[in-house]
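Produce the entire structure from the sequences given, and follow the hints as far as they go.
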Amino acid sequence: MGHITILNETTRFPLQKIGQMAGICWNSPTDNPEKNKKRAIECIKSGHGRVMEYASVELVIDGYSARCIREWYTHIGGAPTRLQESTRYVDESAFAYVLPPSVAKSGEAEQIFESAMKGIQDGYKALIDAGVPKEDCAMLLPLGMATKIVDKRNLRNLVDMSRQRMCSRAYWEYRALMRDICEALSAYSDEWKWLVDNCMHPKCDDLGYCPEKKSCGRHEKKEEQ
Numbered sequence: 094m095g096h097i098t099i100l101n102e103t104t105r106f107p108l109q110k111i112g113q114m115a116g117i118c119w120n121s122p123t124d125n126p127e128k129n130k131k132r133a134i135e136c137i138k139s140g141h142g143r144v145m146e147y148a149s150v151e152l153v154i155d156g157y158s159a160r161c162i163r164e165w166y167t168h169i170g171g172a173p174t175r176l177q178e179s180t181r182y183v184d185e186s187a188f189a190y191v192l193p194p195s196v197a198k199s200g201e202a203e204q205i206f207e208s209a210m211k212g213i214q215d216g217y218k219a220l221i222d223a224g225v226p227k228e229d230c231a232m233l234l235p236l237g238m239a240t241k242i243v244d245k246r247n248l249r250n251l252v253d254m255s256r257q258r259m260c261s262r263a264y265w266e267y268r269a270l271m272r273d274i275c276e277a278l279s280a281y282s283d284e285w286k287w288l289v290d291n292c293m294h295p296k297c298d299d300l301g302y303c304p305e306k307k308s309c310g311r312h313e314k315k316e317e318q
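Residue numbering for the sequence shown follows the numbering used here, beginning at 94 and increasing consecutively.
Since the hints were derived computationally from the structure, they do not count as laboratory data. Take these hints with a grain of salt, some might be off.
[What the hints assert, rightly or not] Computed cross-link-like contacts, SDA-like style, restricted to lysine to any residue with a CA-CA straight-line distance of at most 25 Å:
id: 1; residue 1: K110; residue 2: H294
id: 2; residue 1: K245; residue 2: M114
id: 3; residue 1: K314; residue 2: D222
id: 4; residue 1: K138; residue 2: T123
id: 5; residue 1: K296; residue 2: K306
id: 6; residue 1: K286; residue 2: D184
Now the structure itself:
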């Protein structure tokens, strides 16, 4: 599966940063790290989401499918930005790809899938050998091809993303991506672990019921309560 790298530009002590920013607006002393952390937690628990925009997350997302990354791009709130591995300059004749679990559990299905991918790789290489530019050969590349991006966004945007993408009904690869990001952030600092444990979860955990038309059963639907 893929790999997440948390870059050093990520706010290492996000609670202290959030509490400091809030303290400035309250005309309160901001030189005490513990008081800043306490102030941040109070803000977050009170639902003051804007303060979370001061905690930045910069990371490398590597090895997930182009299909999954296309979904990642739909979360555009909070002025995120990203760079993606170039299909214009990178030779993709031996591209890696993501094998879905539903395909992997069947030997016949896996053989069909891998044969199709091998055909695309061979076709790509043949076009390269024929002198076609890589940027045009890239038209053959499938959504299942693994790709790499450098991503920047803030905590508020990431928390909002978790509400949708950690839902049991979200696409399996996106759920795996969110789990990997949560694990990487939790290991980055204790403050990030607190934020992951307390803020990043499906929307039903906040609502106390499932708002989806088709529920996974984690929580009862509202009309059934």
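Restraint check for K296 with K306, where alpha carbons must lie at most 25 Å apart: Distance of about 14 Å is within 25 Å: holds.
Compare the distance between the alpha carbons of K314 and D222 with 25 Å, and conclude whether the hinted pair is satisfied. violated (57 Å)
Given hint D184 paired with K286 - CA-CA distance at most 25 Å: Judged against 25 Å, a Cα distance of about 38 Å means the pair is violated.
Pair hint outcome, K245 versus M114 [Cα-Cα no greater than 25 Å]: Distance ~20 Å between K245 and M114 Cα, so the pair holds.
Please work out if K138 and T123 have their alpha carbons no farther apart than 25 Å. Holds, at about 20 Å.
Next pair to validate is K110 with H294; report whether the Cα-Cα distance is within 25 Å. holds (22 Å)
Hint compliance for this structure: hints 3 and 6 are not met, and every other hint is.
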